[in-house]
Structures are given as C-alpha cells and as structure tokens.
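Number of protein chains: 2
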Amino acid sequence: FEKMVNVVTGFAKEAKKLGEEDPRRVVHSFKVGLAITLVSLFYYFDFSYEGFGVNAMWAVMTVVVVFEFSVGATLGKGVNRAIATLLGGALGVGAHRLASFTGEKIECIMLGMSVLLIAAATTFIRFFPKLKARYDYGLLIFILTFSLISVSGYRDDEVLDMAHRRLSTILIGGSVTVFISIFICPIWAGEDLHKSLLLTLKSLRLSWKVKSCNNEILIYYPLSCYMNAKSSMSTNLTGFGREYFRVENDKNQENKASLDEYKSVLNSKGSEDSLVNFAKWEPRHGKFRYRQPWDQYLKVGSLTRECAYKIDALNGYLKSDVQTPIEIRSKIQETCTKMSSECSVALRELAVGIKTMTCSLSADPHLLNAKTAAKKLKSLLKTNLWPETDLLEIVPAVTVVSLLIEIVSCTVKITDAVHELAS
Amino acid sequence: FEKMVNVVTGFAKEAKKLGEEDPRRVVHSFKVGLAITLVSLFYYFDFSYEGFGVNAMWAVMTVVVVFEFSVGATLGKGVNRAIATLLGGALGVGAHRLASFTGEKIECIMLGMSVLLIAAATTFIRFFPKLKARYDYGLLIFILTFSLISVSGYRDDEVLDMAHRRLSTILIGGSVTVFISIFICPIWAGEDLHKSLLLTLKSLRLSWKVKSCNNEILIYYPLSCYMNAKSSMSTNLTGFGREYFRVENDKNQENKASLDEYKSVLNSKGSEDSLVNFAKWEPRHGKFRYRQPWDQYLKVGSLTRECAYKIDALNGYLKSDVQTPIEIRSKIQETCTKMSSECSVALRELAVGIKTMTCSLSADPHLLNAKTAAKKLKSLLKTNLWPETDLLEIVPAVTVVSLLIEIVSCTVKITDAVHELAS
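From first to last, the protein sequence lines are chains A and B.
Under our numbering, the first residue of the first sequence carries the number 870, and numbering increases by one thereafter.
Under our numbering, the first residue of the second sequence carries the number 870, and numbering increases by one thereafter.
No lab work stands behind these hints: they were computed from the structure.
We put the CB at the ideal spot given by N, CA and C, even for glycine.
There may be inaccurate statements among the hints.
[What the hints assert, rightly or not] Taking lysine to aspartate or glutamate pairs in the DMTMM-like style, the calculated list, with each CA pair at most 20 Å apart, reads:
#1 A:Lys1001 / B:Asp891
#2 B:Lys1179 / A:Glu1175
#3 A:Lys999 / B:Glu890
#4 A:Lys1138 / A:Glu1175
#5 B:Lys1001 / A:Asp891
#6 A:Lys999 / B:Glu883
[To be verified] Partial chain A-side listing against chain B, Cβ under 8 Å, derived:
#7 Phe899
#8 Ser909
#9 Gly981
#10 Ala989
#11 Leu1009
#12 Leu1013
Given only the sequences and the hints, what does the whole structure look like? Please build it.
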C-alpha cells in the first residue's frame, strides 16, 4: 500500500514539475479537452439521428489525432488530413466505379489488386526523406481513406454520399481544432524556435562568462583555480584551504551546469528540425512573416552546435589533471580574458539583435577586438615565451589558447549567419 | 511538359536508390498492401451485412495505423492500441452507465464534463517523458475510444455490444498485422540496433585506418602528408609535386568520407533511442533474448559518439594550416602509429566479438599495447624533445598526441562497456 502511495506522490510531483516548467502544457491539455467536448456536443445537438454514429466518430477522431502542441504541427496535420482524405476518397470512388462495370467476381479481384498496389506504392513513398518530413501523415491517411472507401463502397451504393459526409465531418472537426489552436492561447512553433535559438546563444554566452570568471578567479586565487583536488600540489595548499574548496565547488557546479547546457545544445538538432518543419506551416503571426527564412535558423543552430563542441573540449582541458604552472599562465592571462569577454559581449549583442529582429552591427567592434586579441596571442606564442619549461606542462595552456582562437573564428561565423538571418 | 518528365524520372531514380539501399523497404511495402487486402477480403466474405461498414473500417484502420517498419514498433503499437481500446472502452461504458441514472439534461452535462476532464488529463500525461517514449500512442487511443464510446453511446443503448464488436475487429486487424509482420520476412529492430552498433564501431576503426594510413604516408612521403597545398613550403616541393597532389587528393577524399561517417555517428542518438524503444517490445528471436540488455547498447553508443567527437577534433588538426616540421614529427612518429594501429585492431576484435556475441578477451592485449605506447609518449613529451623550436609549430603535433592519448582511454571505456554487454 505504501508503495502505491509513493508512486502516486511521485507521479503528482512530476506532474507539478512538468506544469511549472512550461505552463502551456496545462493550457494545451485543456484546449484538447475543450475541442473534443465541443465536437461531441455539436453532434449531440445535431438532429439527424441516422448519420450520427459514424460521422461523430470521424469528427472526434480528427480532433483527437490532429490536435498537436504547436499551431504549426496542428495546421500541418490538418491540411495533410484534409487533402489526403479528398484525394484518397476521389481515387477510391473512381476505383469503385471502374470495378462496378465488370462482373462480381472480377470486381472483387480488381478492388483487391488496386488496394494492394496503391497501399504498397504509398507505403514505399513514405520512405522518401523529403516527403516523410512534411507529408508522412497525409500519405498514411491517403492509404486509409482509399481502402475504406473502396472496401465499404463495395456493398454500399451510396459511396459518393458517404464520401461527401465523411469529408464534411472531417472538415468540421479539423476547423474546430485549428480554430481553438490558433485563437485560444496559441503556441507558435516559430516562436519556440526563435526562443530556442536565443537560449542557445545565451547558453554559449553564459559558458563564456564561466570561462572568463575562471580567468578572473585565476587572478585572485592563482594556485587554486586551475587545479584539481587530486593534484599533487594540494598538500602545499593548507593556507588556501577554505577558499580553495569553496571556489572549487563553485567552479565545478558552474562547469557542470554549463556542461549540461552544451549537452542540450549538442542534442538539439532533432527538436530544431521538427520545429522548423512545423514553423513552415504557420501563417504570419506577431513579428514573423509567413515565409520567414526558417532554414537560416537551422544554419545558425548548426554553427552554434559546432561552437558548443569546442567549448566542450575547452571544458575538458580546464578539468584536466595536468595543469600549467601559474607563471606560465600569467603571460597569456590578460589576452585570454580579453578575448573571451569580447566574444561574450558580441554574442550578447547578437542575442539582443535577434530578440528585436533588427540587423544591428553593434557586435562587430567587439568581434574586431576579439580578433585582434587572437592575433596578439598567436604572435605571442611565436616569440617562444617559455624557454626552459617542461613541455607537458605547457600543453594544456597552449591547447586552451588554440581552442579559444578557434572559438573566436566560430563566433565570427555565427555573427555572419545571424546578420544574414536579420537582413 | 519536359519539366514533368524530369520530375518523374528524378522520382523514379530516387525510388530505385531507396530500394537498392535497403531492399526490405520494398518488402515492407508489399507486406502492408497484403495485410490491408487480406483484412478487406476477410470482411468481404463475412456474411453479416449489418455490422460490415463500421467494423471493417476499424479493422482496416488498425492495420494501416499499426503496421510499422520493424516488428518491435508494430508490436508496441498493437499492444498499445489493444490495451488502450479495452481500458478506454470500459471507462466509457462505465461513464455512460453512471450518467444514465440521472436525468437527460444532467446526463448531457455529466458526459461532457467527463470527456473534457479525461481528455485533458490524458493529454497532460502524454507530456511525461517516460510514458511518452513507450505509451504515447496508447494514451492517444485511450482518449479516442473513451470519447467515441461515451458520445456515440449517448443515443444508442447497445453500447456494450458495440464496444465488444469494435474490440474484436481491432483484435482481428491487429493480429493479422502482427502475424504478417513477424512471419513474412520479419524486420527486427533489435537486429538493426545490433548492426548499427557494429557499423559504428567499424566506422571508428576505419577512421583509425585512415589515421594510421596518414601516418604511414608520413613515412613514405614525409614532407607531403601533414601539409596543406596552401602551406608556404609548397614552393620547395616541385620534386614531390605529382605524388604530393595525388596523395593530397586521396587523403582529402578519405578524410571527407570518414568525416561524413562521424557526422552520421554524431547524430545517431535519436535513431538509436527509438530503435531501443522498439527492440524492447520484441520477443526472443535468433540470437537475441527477450530481455536483451538494450540499455547497455545505448551506453556503448554514447561512448562511441564521445570517441567520434575526439576523432573529429583530430581531423580538424590534421587539416589545420599550421603544421609541425618533419624533424619534430619524426620523433613521435613511431609511437603514434603503434598507438593508432593497436587501437584499430582492438576495435576490430570488439566488433568481431559483438558479431558472434561472445565475450572474447582478444582485444585486451592490443589495448595494453596502446596504453603502453600512450605512457611512452607522455614520458617522451616530458623529456623536452625539441629544445629550440618555435612553439607555434609544436602545438599541432602536441595536440594530436594528446588527442590520441584521450582516444586510447576512450577506447578502453568502450571495451569495458562491450564486455559488460557480452557477459
């Protein structure tokens, strides 16, 4: 019994978490309930008793199956369903008519063959990647409608009438769904995509903050920051003890948080792709045009992922066991900090630009500064800064520098893509 | 007109390509066609005329919607649909009975409210990630059946009879689907998952090959391999000219091919997740148990992806503009080649072990060799190999070495995970 109580409370807790994470989920649930109830009541007050059973069924089914989280997904499914029903129905009626000119035996064989062939062909077409992305549901419904019309039409001569009634109920169900989806607290896939891009850029910026914060800590707690508790030098650090561990913990937590953020950025491809697919179905809304260049969002997204991979690698080096002594690091300290803070500011400016959807060039001077710093670092490395040191100790610092330089060039690419998006 | 011909031929070409890529797609299409035709004919020869229209519809609909590419997906959807129909139907009949004790007005309101609440609650439950992964379709069908039964039951007293008939037709449609899916050229998700893991390991091995091949080329064409056509030294290379460019081209092509392979590995997470989800539904078949440790496959997959990220980074350095002079590289040459070829052999042994599903330890000595080589490299770096050189020129070589060392430790992790999988 206690176990059951545990399960129920766990369930309730997760439900609360899900609802708080995104309150639109609760709204969406009630919208679906409302749409189904409305359609049911519509048929309840309908007077024609005969047509009721099957027709109400189609309307309710349409609402249940078509109502998706975002407007774009709902519209896409609705349009798919309507067109597929129309085409499948027309073809079904045609096949039925054609077969009815022959004898009963041949009619049966002909219908069977046509269902077999059309179902097989359409199923195969569903493997085409481009069609699958946008019209998968429509192809499914096409098979369904064609089979239903030709099969049930076989014993019923009112095929045309039936097809007409079915189409009209599906249209009613579909329009109620679309109406509620658009006019009651709409959830736009395009807006979600826009926000997710903003969040991604911000998460990169945040991790830059962590990075530059690490560099700042480096100034205040020179021995502690760049080093792990495991490090052989930790025995010499009793004096720094408390601050060391506090900072260590802070750093680890922050690093962990930002690492998790990259992880979500790294795996964002799938959800971005589907959001773009949905957004393409959406009409003009708010600040978005009908033909917003959604594919450009994908481009910016993939560049951001590339940048995130590099920051991930950078994180790996910061956590590595082998650390460069402070006297070596201090020489590249200032330029690195400069580079990361300038990049950070540039990305923030970009995020602001995306938010207001203006093509602001305010990021450019910061990028220029970052590029200059990168060049300075490169020439600094050429002058052979550290003549008499263990090579293994230099490696992490040098790698961090080269990663930073690469991240700068990645940021430049992101900036170009964002500018293209805004124009 | 010519444009249409172009479209049609392009379509035919892509269809041919899709079919040749995976002939099971064609087989699957005909299986679906066969199932739909069979169910249609079943109802054609059925004598009870009355029940025909609606019932045949449910059977056909079940076949169309439930029949998926792999056995696991089909079974999952079928089980979901059957259980959800049963539960939704029972609850719908219950709600209908309960409401029928009251007056007609209250009955209408009660039914409306129950549909609203249950639809909203179930829609919300669909947001739970764990439930969404396995039972999303079932929850959808639950809403559908409940609404249909309670709404259409409203004017019809034969609710129980209808529910019974609907369930039986769905069961017939479902079993025909499952039967054809399992007994005619079955497509097992588990086997696909297994193969994709093998392919992934092989692609890593292949890229190792490319790497070690690069190293071998390094021996034969010392100046040419590690260097780009842009490099400032290319003017001194007229003697090597022809071989240089040939090798360059080969290398680039190979690099490109292997890079594309990582790309597919990097983005494999989504398809792996869904394959695991499907495989969990599958019964014992071939060499697979019913409760194969599918989650372990996910673990191996994510480790492989991690390794692929690193190989990707390595590729980036090999293509980088700044290259280390040959006299520096020659010192680490041998150990690097050793390390990569040993890792390559170890991964091949692992792939063989997975293929035969035995826990072979034949990979271990090779791994040991690779680890020894890695240690040797580390100590080599400590001895300050290159006293008087430009630091910027050393950086790429050192980074390549440290990446190779990391890849070795990643391979060790993969080996552990595969051993766990096999045991």
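Hint check results:
1. Pair hint lysine 1001 of chain A plus aspartate 891 of chain B holds up; C-alpha atoms about 16 Å apart against a cutoff of 20 Å.
2. At most 20 Å may separate the alpha-carbon atoms for a hinted pair to count; lysine 1179 of chain B and glutamate 1175 of chain A meet this at roughly 13 Å.
3. Taking the CA atoms of lysine 999 of chain A and glutamate 890 of chain B, the gap is near 16 Å; set against the 20 Å cutoff, the hint holds.
4. Straight-line distance between C-alpha atoms of lysine 1138 of chain A and glutamate 1175 of chain A comes to about 11 Å, which keeps the hinted pair within the 20 Å bound.
5. Taking the CA atoms of lysine 1001 of chain B and aspartate 891 of chain A, the gap is near 16 Å; set against the 20 Å cutoff, the hint holds.
6. Between lysine 999 of chain A and glutamate 883 of chain B the alpha-carbon distance is near 11 Å, which keeps this suggested pair within the 20 Å criterion.
7. Taken as an interface hint, phenylalanine 899 of chain A checks out: its beta carbon lies about 5 Å from the nearest beta carbon of chain B, inside 8 Å.
8. Using the Cβ-Cβ criterion of 8 Å, the hint placing serine 909 of chain A at the interface with chain B is satisfied: the shortest such distance is roughly 4 Å.
9. Of the supplied interface hints, the one on glycine 981 of chain A holds, with its beta-carbon coming within about 5 Å of a beta-carbon of chain B, less than 8 Å.
10. Restraint check, alanine 989 of chain A versus chain B: the minimum CB separation of about 3 Å is within 8 Å; hint holds.
11. With a least beta-carbon distance of about 7 Å to chain B, the hint placing leucine 1009 of chain A at the interface is held under the 8 Å criterion.
12. A hinted interface residue such as leucine 1013 of chain A counts as satisfied when its beta carbon comes closer than 8 Å to some beta carbon of chain B; here the least separation is about 5 Å, so the hint holds.
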